[in-house]
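Construct all of the structure, not just a fragment, from the sequences and the given hints.
No gaps in the numbering here: position 210 of the first sequence is 218 in this note's numbering, and each next residue is one more.
Misleading hints may appear alongside valid ones.
[Stated by the list, open to error] Cut-off 20 angstroms, straight-line C-alpha distance, at most; resulting in silico cross-link-like pairs (EDC-like, lysine to aspartate or glutamate): (1) Lys88 - Asp158; (2) Lys88 - Glu214; (3) Lys442 - Glu459; (4) Lys88 - Glu218; (5) Lys397 - Asp306; (6) Lys442 - Glu464; (7) Lys88 - Glu217; (8) Lys397 - Asp419; (9) Lys151 - Glu214; (10) Lys88 - Glu77; (11) Lys442 - Asp250; (12) Lys151 - Asp276; (13) Lys442 - Glu462; (14) Lys88 - Asp210; (15) Lys129 - Glu103; (16) Lys397 - Asp407; (17) Lys397 - Glu381; (18) Lys397 - Glu384; (19) Lys397 - Asp365; (20) Lys397 - Asp430; (21) Lys442 - Asp306; (22) Lys442 - Glu423; (23) Lys442 - Glu456; (24) Lys397 - Asp305.
[What the hints assert, rightly or not] Estimated spans, in silico, between C-beta atoms of each pair: (25) Ala404 - Ala446: 45 to 51 angstroms; (26) Arg232 - Asp196: 26 to 32 angstroms; (27) Ala463 - Asp276: 39 to 45 angstroms; (28) Gly128 - Pro44: 39 to 45 angstroms; (29) Asp407 - Ala81: 22 to 28 angstroms; (30) Arg157 - Gln48: 49 to 55 angstroms; (31) Ala466 - Gly346: 37 to 43 angstroms.
These are calculated hints, taken from the structure and not from any lab test.
Backbone N, C-alpha and C fix where the C-beta goes; we use that ideal spot for every residue, glycine too.
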Amino acid sequence: MTPPSAARTPDDAGGAGGDARSGAKGSLTPRGRDFPRWYQEVVARAELADNGPVRGTMVIRPWGYEIWERLQAAIDERIKAAGAHNAYFPLFIPEAFMRLEAEHVEGFDPELWVVTHGGGKQLEEPVVVRPTSETVINHFFAKWVQSHRDLPLLINQWSNVVRWELRPRLFLRTTEFLWQEGHTAHADEAGARAYALQILTDVYQETMEEVAAIPVLVGHKTARERFAGAVRTWTCESMMGDGKALQMGTSHELGQNFARAFGIQYADTSGALRYVWQTSWGASTRLIGALIMAHGDDYGLRLPPALAPVEVVVLVVRDDEDAHRAAAQIADDLRRSGRRVHLDARTDSGFGRRSVDWELKGVPVRVEVGPRELAEGHVTLVTRHLRSKDAVGIGALADTVATVLSRVGRDLHQEALAFRIDRTAEAAGLAEAKEIGASGFARVPWAEIGEQGEAELAGSALSVRCLQHGDGGLASAQDPDSSLIAVVGRAY
RNA sequence: CGGGCUGUGGCGCAGCUUGGUUAGCGCGCUUGACUGGGGGUCAAGAGGUCGCGGGUUCAAGUCCCGCCAGCCCGACCA
Numbered sequence: 009m010t011p012p013s014a015a016r017t018p019d020d021a022g023g024a025g026g027d028a029r030s031g032a033k034g035s036l037t038p039r040g041r042d043f044p045r046w047y048q049e050v051v052a053r054a055e056l057a058d059n060g061p062v063r064g065t066m067v068i069r070p071w072g073y074e075i076w077e078r079l080q081a082a083i084d085e086r087i088k089a090a091g092a093h094n095a096y097f098p099l100f101i102p103e104a105f106m107r108l109e110a111e112h113v114e115g116f117d118p119e120l121w122v123v124t125h126g127g128g129k130q131l132e133e134p135v136v137v138r139p140t141s142e143t144v145i146n147h148f149f150a151k152w153v154q155s156h157r158d159l160p161l162l163i164n165q166w167s168n169v170v171r172w173e174l175r176p177r178l179f180l181r182t183t184e185f186l187w188q189e190g191h192t193a194h195a196d197e198a199g200a201r202a203y204a205l206q207i208l209t210d211v212y213q214e215t216m217e218e219v220a221a222i223p224v225l226v227g228h229k230t231a232r233e234r235f236a237g238a239v240r241t242w243t244c245e246s247m248m249g250d251g252k253a254l255q256m257g258t259s260h261e262l263g264q265n266f267a268r269a270f271g272i273q274y275a276d277t278s279g280a281l282r283y284v285w286q287t288s289w290g291a292s293t294r295l296i297g298a299l300i301m302a303h304g305d306d307y308g309l310r311l312p313p314a315l316a317p318v319e320v321v322v323l324v325v326r327d328d329e330d331a332h333r334a335a336a337q338i339a340d341d342l343r344r345s346g347r348r349v350h351l352d353a354r355t356d357s358g359f360g361r362r363s364v365d366w367e368l369k370g371v372p373v374r375v376e377v378g379p380r381e382l383a384e385g386h387v388t389l390v391t392r393h394l395r396s397k398d399a400v401g402i403g404a405l406a407d408t409v410a411t412v413l414s415r416v417g418r419d420l421h422q423e424a425l426a427f428r429i430d431r432t433a434e435a436a437g438l439a440e441a442k443e444i445g446a447s448g449f450a451r452v453p454w455a456e457i458g459e460q461g462e463a464e465l466a467g468s469a470l471s472v473r474c475l476q477h478g479d480g481g482l483a484s485a486q487d488p489d490s491s492l493i494a495v496v497g498r499a500y
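Below, the structure written as structure tokens:
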């Protein structure tokens, strides 16, 4: 292999153009060199998503969508376990609905897409494309809730929502995205509060940690950061591979703000009319972005098996009759042992290309079957997250694969946690918080920051991600914010 | 909306300063052969109204004017 002539003249260097900039042929930009670029390349080359033709829109490709389906299933199962039921509300919302709750209006107004024409005519009343369904759903809650016997009312919806975005990024911030939004009504404040917390921990935190293998911090938002119209916003925050924070899911206590705005009242046991207490909560396709950025490495995506469309890919190393036969047999056996398996028997593209492809896509385990190892009665098992290779006897393969898969999630979680801990430090005050927050999380007493300090942080592209107890626990109703710790960092 | 920049095959770019023959390069794509244990090699191909409109000129991808689109940086967001 002779390298291209090093003595390139300035003249012909021009002709080579942009190639030099993208580094070695075909390899990803290292995360450490340019993280945003690495992210974009992973999204494109793992075939997760494409930009849509309208700015800010996103095409979710099959590989990305299957990951979403698995996330969806994990979340949906837990939502149902929490007693909520799925329903569906319309995409279009009367503009007037959006104006009913003052803070909500203010919060969402700049992000609204408004349809002014339909059927070739200007509409008498413009229609808003939902940025969230608070308003329509509460319109119906007002109708459905009459008696204390109707409570709690626990509804969830899987849908798309649309928000004007100035700086779109695939999965992380797109004009249209897919999500789940839960909306509930309760007879009293304690019931609503308990439910918001239940969703936070039993649905979101558990899914993030156990299924997505992403460690999260839980806490609540400052007034500045909380949902428009909420009394309190609870959040799951995680740290990405570049030290920035990503909000993974939020659960809001809405108090009676919407109940009053929409007239959601019930007759209590004494016959008196009372406003309900509400919650709402959501998690979106942004989680796929989190998965990429929390676990990905310089070779691409690393998927926890629970979310991987394919757990094991069986790769026929070369076009050899015995290898084909053995690989097919192995794939069958693995399927029978309950694994999601893909057999890659393509012979029209080289071994290197195919291994790299599966590595990019994050498939946790690869089994390489070629004449060389068959002659020795074993196969090669490659563990994606460690990039390690082991010779495994064919008879022991199913068990070994099960063992390897069972540790992937744990390893990824541990690695991400260790990274976060390494990038987290205590800060005594604002100045120190700024310094630490620039590359990770700073833990600083909220009393040292305050709303003024928070505004100042914004000037350095920093924000308070959440407030929590010093030990990382959630604040209780009695805790004044001034007794809490603020987690400060840069955020997506 | 304020500041900086870019529009050239599917993608990434060079060419423009100093107008001049068939507008190039890398990747990707097609076909074939040889290959095949980490993006393999060779050969032959396909693919471009140079963002749009006007102007200058014998001649415009290149110069001038206008428009449109997009990107990056600042104020909002799952």
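Verification of the supplied hints:
1. Lys88 - Asp158: Holds, because 18 angstroms separates the two Cα atoms, which is no more than 20 angstroms.
2. Lys88 - Glu214: holds, 14 angstroms
3. Lys442 - Glu459: holds, 15 angstroms
4. Lys88 - Glu218: With a Cα-Cα distance of about 17 angstroms, the restraint between lysine 88 and glutamate 218 holds, given a limit of 20 angstroms.
5. Lys397 - Asp306: Holds - the C-alpha atoms of aspartate 306 and lysine 397 are around 18 angstroms apart, at most 20 angstroms.
6. Lys442 - Glu464: This hinted pair holds, its Cα atoms lying about 10 angstroms apart.
7. Lys88 - Glu217: Holds, because 19 angstroms separates the two Cα atoms, which is no more than 20 angstroms.
8. Lys397 - Asp419: Answer holds: lysine 397 to aspartate 419 is near 17 angstroms, not above 20 angstroms.
9. Lys151 - Glu214: The hint is violated at about 34 angstroms.
10. Lys88 - Glu77: Holds, at roughly 16 angstroms.
11. Lys442 - Asp250: holds, 16 angstroms
12. Lys151 - Asp276: holds, 16 angstroms
13. Lys442 - Glu462: holds, 11 angstroms
14. Lys88 - Asp210: holds, 11 angstroms
15. Lys129 - Glu103: holds, 17 angstroms
16. Lys397 - Asp407: holds, 16 angstroms
17. Lys397 - Glu381: holds, 13 angstroms
18. Lys397 - Glu384: Holds - the C-alpha atoms of glutamate 384 and lysine 397 are around 16 angstroms apart, at most 20 angstroms.
19. Lys397 - Asp365: Distance ~17 angstroms between lysine 397 and aspartate 365 Cα, so the pair holds.
20. Lys397 - Asp430: Since the Cα atoms of lysine 397 and aspartate 430 sit roughly 29 angstroms apart, the hinted pair is violated (cutoff 20 angstroms).
21. Lys442 - Asp306: Distance of about 29 angstroms is beyond 20 angstroms: violated.
22. Lys442 - Glu423: With Cα atoms ~25 angstroms apart, lysine 442 and glutamate 423 exceed 20 angstroms; violated.
23. Lys442 - Glu456: Satisfied, since the Cα-Cα distance of roughly 12 angstroms is no more than 20 angstroms.
24. Lys397 - Asp305: holds, 17 angstroms
25. Ala404 - Ala446: 45 to 51 angstroms: holds, 49 angstroms
26. Arg232 - Asp196: 26 to 32 angstroms: Holds, since arginine 232 and aspartate 196 (Cβ atoms, about 28 angstroms apart) stay within the stated range.
27. Ala463 - Asp276: 39 to 45 angstroms: About 42 angstroms separates the Cβ atoms of alanine 463 and aspartate 276, which means 39 to 45 angstroms holds.
28. Gly128 - Pro44: 39 to 45 angstroms: Holds: the Cβ-Cβ distance is about 42 angstroms, inside 39 to 45 angstroms.
29. Asp407 - Ala81: 22 to 28 angstroms: The hinted range 22 to 28 angstroms holds for aspartate 407 and alanine 81, with Cβ atoms some 26 angstroms apart.
30. Arg157 - Gln48: 49 to 55 angstroms: holds, 53 angstroms
31. Ala466 - Gly346: 37 to 43 angstroms: violated, 50 angstroms
Hint compliance for this structure: hints 9, 20, 21, 22 and 31 are not met, and every other hint is.
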